[in-house]
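All chains should be built: construct the whole structure from the sequences, respecting the hints.
Going down the list, the sequences are from chains A, B and C. Heads up: the first sequence is residues 1 to 324, going by the numbering used here. Heads up: the second sequence is residues 1 to 274, going by the numbering used here. Heads up: the third sequence is residues 1 to 534, going by the numbering used here.
Simulated from the structure, these hints should not be mistaken for laboratory data. Please note: incorrect hints may appear among the correct ones.
[Said to hold, decoys possible] Estimated spans, in silico, between C-beta atoms of each pair:
#: 1; chain 1: C; residue 1: 458; chain 2: B; residue 2: 183; range: 28 to 38 Å
#: 2; chain 1: A; residue 1: 48; chain 2: B; residue 2: 40; range: 43 to 53 Å
#: 3; chain 1: C; residue 1: 498; chain 2: A; residue 2: 69; range: 49 to 59 Å
#: 4; chain 1: A; residue 1: 66; chain 2: B; residue 2: 89; range: 35 to 45 Å
[Stated by the list, open to error] Far from chain B, some chain A residues (derived; all Cβ distances over 12 Å):
#: 5; residue: 29
#: 6; residue: 82
#: 7; residue: 89
#: 8; residue: 172
#: 9; residue: 187
#: 10; residue: 269
Idealized CB from N, CA, C, for every residue including glycine.
Residue strings, one per chain:
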Amino acid sequence: MKLHYIAMRLVKTVLVAIAVVLLSFFLIRLAPGDAATVMAGQAGYADEAYMKSLRAEYGLDQPLPVQLWKYMDAVAHGDLGISYVRRQPVLGIIMERLPNTLLLDAFALLMAAAGGIWLGSIAARRPGSLLDSANTVLSMLFYSVPQFWLGMMMMLLFAVWLGWLPPFGIETMGADYTGLARIADVSVHILLPGTTLALYFMASYARLTRTAMIEVADQDFVKTARAKGISERQVARRHILRNALIPLITFAGLQASILVGGNVLVENVFSWPGVGTLAYEAVTSRDNPLLLGIFIVTAILVSLFNLVTDIAYSIADPRVELGR
Amino acid sequence: MNFARRFFSRPTALIGFAVFVAIVVIALAAPLLFARGPFAIVGMPLLPPGAPGLPAGSDVLGRNMMIGLAFGARVSLLVGISATLVATVVGILFGALAGYYGGLVDDLLMRVTEFFQIIPAFVLLMVLVAFLQPSLESAVIGIAMITWPQVARVVRGEFLSLRSREFVEAARTLGMRDTAIIFTQILPNALPPIVVISSMMVGNAILAESALSFLGLGDPNLLSWGSMIGGARSAMWVAWWTTTLPGVSIMITVLALNFVGDGLNDALNPRRRH
Amino acid sequence: MPLVSIQNLTVALPVDADRPLAVEDVSLEVGRNEIVCIVGESGSGKSLTAHAIMGLLPGRVAATAGQILFDGVDLLKLSPSAMRKRRGRDIAMIFQDPMAALNPVVAIGKQVTEQIRAHRVISEAAALKQAADLLGQMGLKNFDELLKAYPHQLSGGQRQRVMIAMALSLSPQLLIADEPTTALDVTTQAQILKLIKKIQAEREMSVLFITHDFGVVADMADKVAVMRHGRVLESGAVGEVLGNPSHSYTRALIAAVPRGESQLPPPPEARPLVEVVGLTKRFRRGGLFSRGQVNTAVDNVSLTLSRGETLGIVGESGSGKSTLARCVIRLLDPDAGTVLLDGADIAHMTPGELRPLRRRIQMVFQDPFSSLNPRQTVGDIITAGPRIYGEEPKAARARAADILRLVGLNPETMNRLPHEFSGGQRQRIGLARALMLKPDVLIADEPVSALDVTVQAQVLQLLDDVRRQMNLAMLFITHDMRVAAQVCHRVMVMRHGKVVESGPTRDIFAAPSSEYTKALLVAIPGRNEMRQNI
Chain A
1 MKLHYIAMRL VKTVLVAIAV VLLSFFLIRL APGDAATVMA GQAGYADEAY MKSLRAEYGL
61 DQPLPVQLWK YMDAVAHGDL GISYVRRQPV LGIIMERLPN TLLLDAFALL MAAAGGIWLG
121 SIAARRPGSL LDSANTVLSM LFYSVPQFWL GMMMMLLFAV WLGWLPPFGI ETMGADYTGL
181 ARIADVSVHI LLPGTTLALY FMASYARLTR TAMIEVADQD FVKTARAKGI SERQVARRHI
241 LRNALIPLIT FAGLQASILV GGNVLVENVF SWPGVGTLAY EAVTSRDNPL LLGIFIVTAI
301 LVSLFNLVTD IAYSIADPRV ELGR
Chain B
1 MNFARRFFSR PTALIGFAVF VAIVVIALAA PLLFARGPFA IVGMPLLPPG APGLPAGSDV
61 LGRNMMIGLA FGARVSLLVG ISATLVATVV GILFGALAGY YGGLVDDLLM RVTEFFQIIP
121 AFVLLMVLVA FLQPSLESAV IGIAMITWPQ VARVVRGEFL SLRSREFVEA ARTLGMRDTA
181 IIFTQILPNA LPPIVVISSM MVGNAILAES ALSFLGLGDP NLLSWGSMIG GARSAMWVAW
241 WTTTLPGVSI MITVLALNFV GDGLNDALNP RRRH
Chain C
1 MPLVSIQNLT VALPVDADRP LAVEDVSLEV GRNEIVCIVG ESGSGKSLTA HAIMGLLPGR
61 VAATAGQILF DGVDLLKLSP SAMRKRRGRD IAMIFQDPMA ALNPVVAIGK QVTEQIRAHR
121 VISEAAALKQ AADLLGQMGL KNFDELLKAY PHQLSGGQRQ RVMIAMALSL SPQLLIADEP
181 TTALDVTTQA QILKLIKKIQ AEREMSVLFI THDFGVVADM ADKVAVMRHG RVLESGAVGE
241 VLGNPSHSYT RALIAAVPRG ESQLPPPPEA RPLVEVVGLT KRFRRGGLFS RGQVNTAVDN
301 VSLTLSRGET LGIVGESGSG KSTLARCVIR LLDPDAGTVL LDGADIAHMT PGELRPLRRR
361 IQMVFQDPFS SLNPRQTVGD IITAGPRIYG EEPKAARARA ADILRLVGLN PETMNRLPHE
421 FSGGQRQRIG LARALMLKPD VLIADEPVSA LDVTVQAQVL QLLDDVRRQM NLAMLFITHD
481 MRVAAQVCHR VMVMRHGKVV ESGPTRDIFA APSSEYTKAL LVAIPGRNEM RQNI
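What follows is the structure, given as structure tokens:
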């Protein structure tokens, strides 16, 4: 039965991927001028014959359904086209950058979840206390700040004024560390961008944990737990927190998807060599195949995250039987 | 009225509302106060705040930051409010139909909604704006496109639970038409959460706009807070005010809106307060 | 010395509550090896009294005066940790809704062993064995599977048995049962009551039983205390209080309990106004991406209904009685069968064809809190119907005043919002809304199940009066045999979507032909005792 559920969710994931590819195909049509004009523009001249040969080369002279079919077929085989600017396969360029992005995202996610749940559960224990209020104000503050600007301010503070942390990149240029030294170097570099990303979500985790715990604490089974005569700590941990954490799984999935697409700005601020900076480069250089490739890859990644989230949820909450 | 009293009894809501009104006034008055516009070069570049005639200093090109900040408020509010309006209308439409009719209609509409929630929002926004050409309109369309699912979900949830309430069933047995039930029975009861989420969404839309402008995807003919920060990146090491002040402006605006949203939430759902 | 002796207990509510004290100067004793019932309506303070013994008063509620002596020790003076050690070991408690009272994400076995291991040093495996043993004593089978199951996988009766097993796991001296059967079906209720009584006798322990139902009191109690507005009005041996109540409120409460005996004469023979033939309704679960399960909620049901008569549809939860009512009034579209109103089949009409006929069938709903739009005034609510059919607002309001008077409300209430009214008043408003359309048929879907027993009696009386005055055909949906006996000329018993039997109420109560109906009748709490005592 569980297998059936997972199979159905996989089918759903594939359908989403197809829809994403369809959407991106039509997004290409949205852009003024076709690939030929862009490339001709980059080549610096645009006589009719050259444009025509370009169109033939890229299949742009064929009817729309044929183009769509070829596009889908190519994507299905992992061919996301050739970057206009780098003249390399798009998929290869993205895959080279993807691990860096996933590293940064994982760091931010873990930091946010651990910190947020901890803060939230403290706040929930004494609603209205100083710590609770401070928590509320801080989360409100982090909600209201543009992330890229927060990153710049962190950089200004910790890298420029205090000089504690390196401001840019994933590792020290030219140092060529290996082994443990390299891990240490990357760890230092990840702190600023990672924390910038984490702070916003940490605020959300804290708020969600707090609300959920207060809500759960009102429920009858918590009264039952107290009636059993178990200690308050066990009531809090086994009964309140255990139930309050379930909705956070959904949020973690959501966060993963926001991170994959959303750290464009933070990566860019800190020159982190991930998919985000790549997307920015693609936008500024009008490298449409690359941009769409990133769109497709991130979308598929996100729907995979969603699949994982759903499965995790169904494990954590026995009431969810094989999807709603 | 009871509601207004409840709302203004919260200091944060009062402050948020006052600040928001002040920002609206500044935005409306900017062209009257500063007839030369934000792009005019008034003096030496990178003069610190407090220099003669430059309470907020000058930027990399020697433009008056003060004027830039005032005009930036126009862009932020315009984009934030219009994008939210579009998203709210679309969201209510989708959510109401899906929640009220349920079944196949719900399935279809929610699949579409889910799809827009699943695809990475900011990448989609960048792609959309880049392909539509950066402009005020494309920012509004793009931001509305990535935010409407939130409204749709909330509205659907409300409609779904209200639809099976007995007073709605009673309206049906009286012979009321679906449109009348949706607009006179259900929507007024679903309004509080919609108002709350919309007020928060304006803030998020302002953040999204600033991010777009920061990346150079804003309207090239308008100066916005995001583009001020983006343009001053190279100078942030030597002239802190060039990046700090527009950022603080964004923060104050969004914070004010979130305070308002929070106050609305408490005033509209007095029982949910803890 | 009695096991529990409550002396002059006062429990204060937070300053912003609607009254300062929830419990006022209450004294009460629970002896060894006896069952004491506290009976009262909502807001009487009966439940908070029980929670005070347990040391589990909600956050801002506190006992401000008095003593609770348990075996000579004042529980109110104990430190939190000393009280915690007694909870579950010396005093155990079970609650109203076992679904809510069990942790939804923890397996049953773990929840039982947690209780045992909170007070005893014992391995998980040994505790599990003990848990299995206890479940067996509660009459549960397959306990290996049960121990691994989660609460949502059990039936309501099974869940309450698990709760009781848990409560008894450390052989407490006192069991507090706070309305433990209110959320259960009547046959399940009867089983659980029997179980509690049996266990009490076997273990010779004390039980403090909180209930709103005098029938349950008659079945369970050795002694009874009647509470209202936070005070004990009278107390004593059960036979004495039931047979010879000294307080007028107690007399009113007892009188208001429906008797479970039909007083209404058989219905007059008349041409049926409504004829339902072969009605079937199925529900499919699941969406585009999951396999659908089909559940036949109403299975080939036929009935007739004439002017001036009340037909009761009786059944437990899941019997399809509400679905049937919603199909008849076309809130749901039936899958098969016909619903003839004066010969016209309304089951298959388009919404447009149906609209003009809607006014002829109206409904009174179950939940007084969700059946009125919270954002509309009473006047707007009850004139909405006439306005749909083009009546002038002024004329409608004039008529509304008359109808409000008819249902026993002051017409000046028209400008108020629903939340300003009590549950019983809201039901009257709901009835007024239906009557404004001068219907021929009135469907009442559990109209009194959410009301206190004294209010229940008034609303039932009102429904019957209105039925007579307006010569209505009434379809009365209820889970409560006692209520059905009071207002219905004929009853139809349903189970799993099918009709079990139907006939004149008198005949069915005197000589039920099916086993199921017999079981339902036997399960009526206090059936024999109440009759003897009065």
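Results for each hint:
1. C:458 with B:183: 28 to 38 Å: holds, 36 Å
2. A:48 with B:40: 43 to 53 Å: Cβ of residue 48 of chain A to Cβ of residue 40 of chain B: about 44 Å, so the range 43 to 53 Å holds.
3. C:498 with A:69: 49 to 59 Å: holds, 55 Å
4. A:66 with B:89: 35 to 45 Å: The hint (35 to 45 Å, Cβ to Cβ) holds, given that residue 66 of chain A and residue 89 of chain B are roughly 38 Å apart.
5. 29: violated, 9 Å
6. 82: holds, 18 Å
7. 89: holds, 20 Å
8. 172: Fine: 19 Å to the nearest Cβ keeps residue 172 of chain A off the interface.
9. 187: Label holds. Min Cβ-Cβ 25 Å, cutoff 12 Å.
10. 269: Non-interface label on residue 269 of chain A violated, nearest chain B Cβ at 8 Å vs cutoff 12 Å.
The structure does not agree with the numbered hints 5 and 10 stated previously, though it agrees with the rest.
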